[in-house]
Each structure stands twice: as C-alpha cells, then as structure tokens.
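J.: The primary structure of each chain is shown beneath.
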Amino acid sequence: MSEPVRVALLVTCLVDLFRPSVGFAAVALLEAAGCTVEVPRAQTCCGQPAYNSGDRADAKAIARQVIAAFAGYDYVVAPSGSCAGMVRLHYPELFADEPAMLAEAEALATRTWELVAFLVDVRGMKTVAARWDKSATYHDACSGLRELGVKTQPRLLLASVEGLRLSELADAEVCCGFGGTFCVKYPEISDKMVTDKATEIAATGADAILAGDLGCLLNIAGRLTRLGIPVEARHIAEVLAGMADDDPAIGVPARSS
Amino acid sequence: MEPTSHSFPENVRVGLADPVLQRALGLARTGFPLRRQQAIERLPEFEALREEGRQIKDHTLAHLDFYLELYEKNVVASGGEVHWARNAAEAREAVLGICRSAGARIVTKGKSMVAEEIALNDHLERNGVTPVETDLGEYIIQLRHEPPSHIIAPAIHLMKEQVADAFRAAHTGLDPDRVLTEVRTLCEEARTVLRPQFLAADVGITGANFLIAETGSSIIVTNEGNGDLTQTLPRIHIVVASLEKIVPTLEDATTLLRLLARSATGQEFSSYTTISTGPRRPGDLDGPEEYHVVLLDNGRSELLGGEFQDMLRCLRCAACLNHCPVYAAVGGHAYGWVYPGPMGAVLTPALVGLGEAGHLPNASTFCGRCEAVCPVKIPLPKMMRHWREREFAQRLSPPVYRTGLRLWAAVATRPELYHRMVEVKARLLGWLGKTHGRFRSMPLASGWTLGRDMPAPEGRSFHSLWAERQRRSGR
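Protein chains in written order, with my numbering: chain W, 1 to 257; chain S, 258 to 732.
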C-alpha cells in the first residue's frame, strides 16, 4: 500500500461507553491498512439523538464541535454506518442556509467513511489476516446500507477470515427495530421488530450475528439473551481484526477463571 | 372519519395482540416486497423511470395552477363539469348535491382513498343515499363497518375466515350450507351480490389515479373491473380526486403507470387501466350521461412551496407501507386515520394537524426502506424529521423528554466533562454488570428492558483507555 494517511477515528458514543474493544479493533484494521490513527479528544457524539428528535439547535451545536475536532485529517472513519451517515449526509443538510459552515460541513462529509467501506473502497483492502473458527451471519444495518451503500464490502472481507463460515440472513436488510430513541419511545413495536430479527438469526443456526453498528447490536444482543437464544453478537471489526476471542460477546459475562 | 392517531400507542398494543392481524401481516410483509423486486428486475430502466417520474411530478407541482386550469378547461370542453372543493365538507356537499339532483338512491363506488378522507359514505347514508362499495376489499370492510387498513389492499388485516363471517352476517339470503372456504367462492359470492347493484345504481363514484390536463381525462387502475362497471353503467359518473393527481399529458401518465403497478403489486400493469373523458357522446355505445369531477384541496395547496411539497408527488402505490417494518408490526389501523405507513406518517399531520397525529412521524426508526422503494423518490424520513422539528419547536413533545435531551446536549458539547461522566458510567455499569454481562431491568430504561436485556459496558471508556495507551507509548 502507498504512504501512510492520517485517519481520525470517530469513536462513536456507544463504542466509547459500551464496547471500547470495537474502537481498538478499528484502530488495528486501519493501521493494517497503512493508516496512522489519531483520536481527537474534543469528540463526544455525532449529534444524531438531537437531530432525529427535532432538536436542530443542539444538533447543530454538536455538529460544529465535530467539524472543528476533525478538521485537518486526510480521512475520518467511524465503526458505524449510522454516525458516518450523519456526518456525510446530514451535516450538510443542517447547515444548508449557512454558506461558511456548509463549506466546512461538506469538506468533512467528503472525507468521512464507514470503517469497512473505507478499508475496501478507499484503501483497496481485499483480505484480512484473521482466523475465527465459527459460523456467522451478517445483518445489514440500515444507515450503512441505504445511506452509504455498505453491502458487498463486509462480505468481501468476512470471506477472507480463515475458518469462518458465513451464511446469509433472511431479511438481512430489514431494520432490527433499534432506531435510536425509537426503541424506548415505542418499545412494543421495537420488541416485535427485534423479535422477528432474533427469530431469523436463530433460523440460520449460526454461532454469531455480526453487524457494523453497535446500536443495532446492543438491541439484537439484548433480545437474544432475553430469549435465551445462544448466538453471540459482535461488531464485524472485532472479527476482521482477529480480536473476536479477546473479549466476551456483547451482553455476555467474562468467563470466571 | 374521526382520527384516533393521538391514541397511536394504545392502537399499537391492540394490533400487536391481534393474532388474525399478525398472521395477515406476516404474509404481506414478504409477499409484496418479493413481487415488487421480481417486477423491477425484469425492467432494467426502472431506476431511470423513477427519476423521470419524480421530474414529471415536480414539474407539475411547480406549475400546478396552470395545469389545473387547463384540466378544467378540457373537462368542460368534453362536456363534463369540475367542482372545486376547498375542504372535506365542500367535497361531500358537492357529491351529495349531484346525487340529489339526480334523485339517486343507490350509489356504487370504486375504491377511492379520497372518498375515505372526506368520509363520504357516512355523509351519503345520513342523507338517504345508499353507497355500495364494489372493490372487494372495500366491500368487505364496509360490511364490517371499519376503515381500510392499507391504501391499495383495504382488507389486508383480515384472513378469509373473517371475510366468510362478514358475508354470512350480511347476506341474509345465503344458504347456510354454502361453502365459503376458498378465495374463489368468496369472490363469487361478492360478485353475485354486487351485480344487481351495478345495474340498480343511479350514480357511480370512482377515484382517480391520474387526471390528465391536456385531455381533461381521468384514469383509474383496478384488478377487478369493478371500477369500469361503476363508471360506465350508471347515468352519472362522479370522479372524486385530490388536486395533486394532475399530470400534464397522457404520455406522462403512461410513464407513471409503468412505475405504479410494479411498485404496488409487482404487476407490470394492473388488469384494467381505464381512461374516462367526459360523458357519453352522440354515437357512443355506452358511458354516463353526466361526468363530474369533485376536485379536493383539503390542505394540500398549503404544502406547495414548503418543506412538505415533495409529499404531493405520491402516487398512492403503497410500496412504502409494504416495505415498512413498523407497518408490518402494527398494521394500518394503528395509525388512526385514512393513510397509514410512512406516507401516512408524513401526510396525516398535514391534513389533521400535528397535535392529533404527532406520534406518526415519531414512530419510525428512519431505516430508509420507504424512500428506497418510492417510485417518485419522496424523501419520507426527512419529512418525518421535519415534523419532529416542528413538534420540538412548538413544544408539543413530552417535557421530560425535551429536558433530558437538552441536558444531554449540554454535556455533549463539553467534551472533558462528557469524558469524565462516561468513564464513571462505564466503570459503574461495568462493575454492576460484571457477573451477568447484562441487566434485566434498569432505572430510567424500562422501555429498553421491557423486552430485551441491556448489555453491560465493558468497564472502561474508549477515550480513557486510549489516553492511557498514548501515555504508555510516550506519544
């Protein structure tokens, strides 16, 4: 690969709080792809909770902070299609009537990528050096799929993981029912949606469900454990980085030694 | 129909607990998307057609006044009459007035969502005119005294057993031994009852899928042929349509027709596509003696030039309903008014008010499937977000939710404070959840833990661990 490029990691608020191992897996993958990775400390969240709740003023305040924190890097990469989609598609929309900010928002938008799409589409990665002796299925998280076109890239890289047997999930493109604040505002609908998803996952007989967005994974993992379905949920980055056995799966306690 | 959209959460519980509805929705959620997908795979230019469809509608909306006047001129030139209705009441009065002037007692009706919007049947019945729905689905729900639950398949919430029950209850002359277990026998039974009504009707009322400005024509598409019998047999044909149904030319309508059936049912074309232009002319073999169009605004013109104008492109194909996971979970009645699903979540607040229908644009995960399948590329999630913005600005959302959001944002815009709080939370929850790896219940998170566990955090925040790693490596 060519000379190192400077990548800033957009950690995402869920990875920061719930599952830092996804962040470290992302760093490992980016470094393997020839990037130097920095983590701007002035980041918190992309602002989507405010934006999708109709609170435009707070969404803009947070977006301004992100735009400032991530200025000057070659690329900004997030282990989430949802957060990357927010920056790429919705920041320019937020500042549509502020020409100076719009230019900055658009400049950031064009440099911002979802992790797996970045590895394949920008860095030309075709294989990973990882092994995982399990069967898995993959859920296409909505924002990555429909806002950013993340569909073939994760399957390409997963196919190169030694020992991994990947089977397709029925209705893989149907929403799992997370939807940010949706899942707590309309919990009964969300439960029905995630139950359907859990049922399809169980029907594959796979050991693991993988996806590229931690929000969806927390939702799916939470329903799987509640139903007692023994399928482990993990972020795709953990598997691609060969770190899937370093930490227990989402919602599963560490084995007492 | 009186909206019950404000009771959306209660309506949802009813829908989720209804085993018949859940069985019916289970069939629809896979059937419709599969047939649409197969249809568009056979048409390589489908994506280009979507763009063309969008442009036709955008052009028409940008010049709507011009095309409406041209349309009226051509309706009149072909011997028909246009009745402009600003609201539902004016539309109802216009229809009733025509029925009265004809001394009508029985009115047959083709399927029309605008007729549902203006609650036409109730009004006619109260005034001594008997409306008879002739679309099978509409006929079934008329017998059951309930509103449609879907804009192209009004009785989709029912299985055939409920239909048989409705027929046995209403068709008093029905032989109790008659077997009504197959779809075919149900259709035959409906046909037997409806045939004499077609012949007895004084007035036939249809909707319109398109109104053609250059010819003054209306177009309907059906799969049952009932619309044709409704509009050609009675002495008077009334078209009830909303003003955004207008397109400039027949060619434009043809382009949109190529999108419509494929998006709706996965058919290349509906079984019947019928163009009506004015009343019967001298020498015509059939057709009505009078042709009226009741053209409804009902708040639509207020959407022009604003952030909801794109909604007026809607063809009413129902692809957004058919692909919506929320609709598939709760069914159409939960939405509480005429238009359910994503298109209803955008349109209903515009037509009945945000105070009544505020839940609908909130009850979406923004999964984006509706926009992805819309034949005229309506940005439905974006417009639902616009409603949420209005709701927030007008302080219509719950105060506890608004306050929580403002507090969260205040912290999220102070990174160092935010990082300290996340680290405390990660350590605390990580420690509390260490044994089980998850929580079965949690204060302030009952919505989440109702049906799923809350996975426990790993125990440290990423930013703290990263800072430590940087210090260790001396960077």
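These are computed hints drawn from the structure, not numbers from a lab. Quick caveat, the model's predicted, so the values are computed rather than measured. It is possible that some hints are incorrect.
[As the list claims (entries may be wrong)] Facing chain W, from chain S, some residues (calculated, C-beta under 8 Å): (1) Pro260; (2) Ser264; (3) Gly523; (4) Arg652; (5) Leu662; (6) Val681; (7) Trp688; (8) Thr692; (9) Gly694; (10) Ser698; (11) Pro700; (12) Arg709; (13) Pro714; (14) Ser718; (15) Glu725.
[Unchecked claim] DSS-like mimics (lysine-lysine), calculated; alpha carbons at most 27 Å apart, straight line: (16) W/Lys60 <-> S/Lys691; (17) W/Lys185 <-> S/Lys639; (18) W/Lys151 <-> S/Lys634; (19) W/Lys60 <-> W/Lys185; (20) S/Lys682 <-> W/Lys185; (21) W/Lys60 <-> S/Lys639; (22) W/Lys151 <-> W/Lys134; (23) W/Lys151 <-> W/Lys126; (24) W/Lys134 <-> S/Lys691; (25) S/Lys639 <-> W/Lys151.
The beta-carbon is built from N, C-alpha and C at its ideal position, and this holds for glycine as well.
J.: Go through the numbered hints given earlier and state which of them the structure violates, listing their numbers in rising order.
T.: Violated hints (numbers, rising): 1, 2, 3, 4, 6, 7, 10, 11, 15 and 16; every other hint is consistent with the structure.
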